[in-house]
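Novice: Sequence:
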Amino acid sequence: FRDAYPDIEFITHEEVKPERYYATYSVGLFFDDKDCVYQPTDFRHVGLHRTAGYILGVDPTEQRPRIVFKDDERPIAEPYVCIAVQSTTQSKYWNNPHGWREIVNFLKAAGYRVVCIDQKATHGTQLIWNHIPNGAEDQTGDKPLAERFRYLKHADFFIGLSSGLSWLAWASGTPVVMISGFTHPTNE
241 FRDAYPDIEF ITHEEVKPER YYATYSVGLF FDDKDCVYQP TDFRHVGLHR
291 TAGYILGVDP TEQRPRIVFK DDERPIAEPY VCIAVQSTTQ SKYWNNPHGW
341 REIVNFLKAA GYRVVCIDQK ATHGTQLIWN HIPNGAEDQT GDKPLAERFR
391 YLKHADFFIG LSSGLSWLAW ASGTPVVMIS GFTHPTNE
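Under the working numbering, the residue at position 138 of the sequence shown is numbered 378, and the numbers go up by one with no gaps.
Simulated pairs of lysine-lysine, DSS-like, Cα-Cα distance not exceeding 27 Å:
no., residue 1, residue 2
1, Lys360, Lys332
2, Lys348, Lys383
3, Lys360, Lys310
4, Lys310, Lys393
The calculated label-pair distances, taken between Cβ atoms and stated as ranges, are:
no., residue 1, residue 2, range
5, Asp275, Thr328, 26 to 36 Å
6, Gly375, Lys274, 39 to 49 Å
7, Thr328, Leu367, 16 to 26 Å
8, His371, Val308, 33 to 43 Å
9, Tyr278, Glu318, 44 to 54 Å
10, Asn427, Pro337, 23 to 33 Å
11, Gly375, Gly268, 31 to 41 Å
12, His253, Pro415, 34 to 44 Å
13, Asn427, Arg304, 10 to 20 Å
Quick caveat, the hints were computed from the structure, so don't treat them as lab data.
C-beta atoms are modelled at their ideal positions from N, C-alpha and C, and glycine is treated no differently.
Whenever a hint applies, use it, and build me the whole structure from the sequences.
Specialist: Written out as structure tokens, the structure reads:
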């Protein structure tokens with residue numbers, strides 16, 4: 241963000257000098273805050289992105305960040321779509337057993353390359369495991385967010401779940417199709 245916001249001084253945690261500030265804010269989720277002392281709104285109704293705005297007392301309207309990366313070349317010459325099928329909890333997954341396969345087949349028949357950019361190709365616990373869809377190109381792995389952003393920025397669109405990659409796709413300016421049903425409708 242430093243290049244995109246030259247008027248903001250970014251510092252490390254070690255550089256913080258509390259005596260320089262007249263106020264500090266704790267931005268996060270406070271699950272036991274029934275009296276709304278630390279967060280004035282219930283994050284389950286307004287979303288994580290608006291919760292920070294309400295805590296800081298600023299307009300909580302989404303505003304796309306300015307992001308600048310040095311490597312901004314298109315990673316794939318042909319038309320392509322990015323997908324992300326993994327999430328942090330099973331209730332956020334698209335539990336349609338044929339859904340991703342049908343989407344991948346449809347998009348490929350329409351002339352798109354379909355690229356999965358999740359961190360993990362396979363994720364789950366005990367008896368429930370989720371896998372990269374058959375036919376999708378595997379760009380999963382422990383890659384920097386800058387690399388994910390580059391793929392997203394040049395994609396024709398993104399299809400994903402309620403996850404950070406959906407927000408990163410939105411931040412890149414790429415149209416987002418989100419498959420969700422776990423959160424309140426105004427939450428995403």
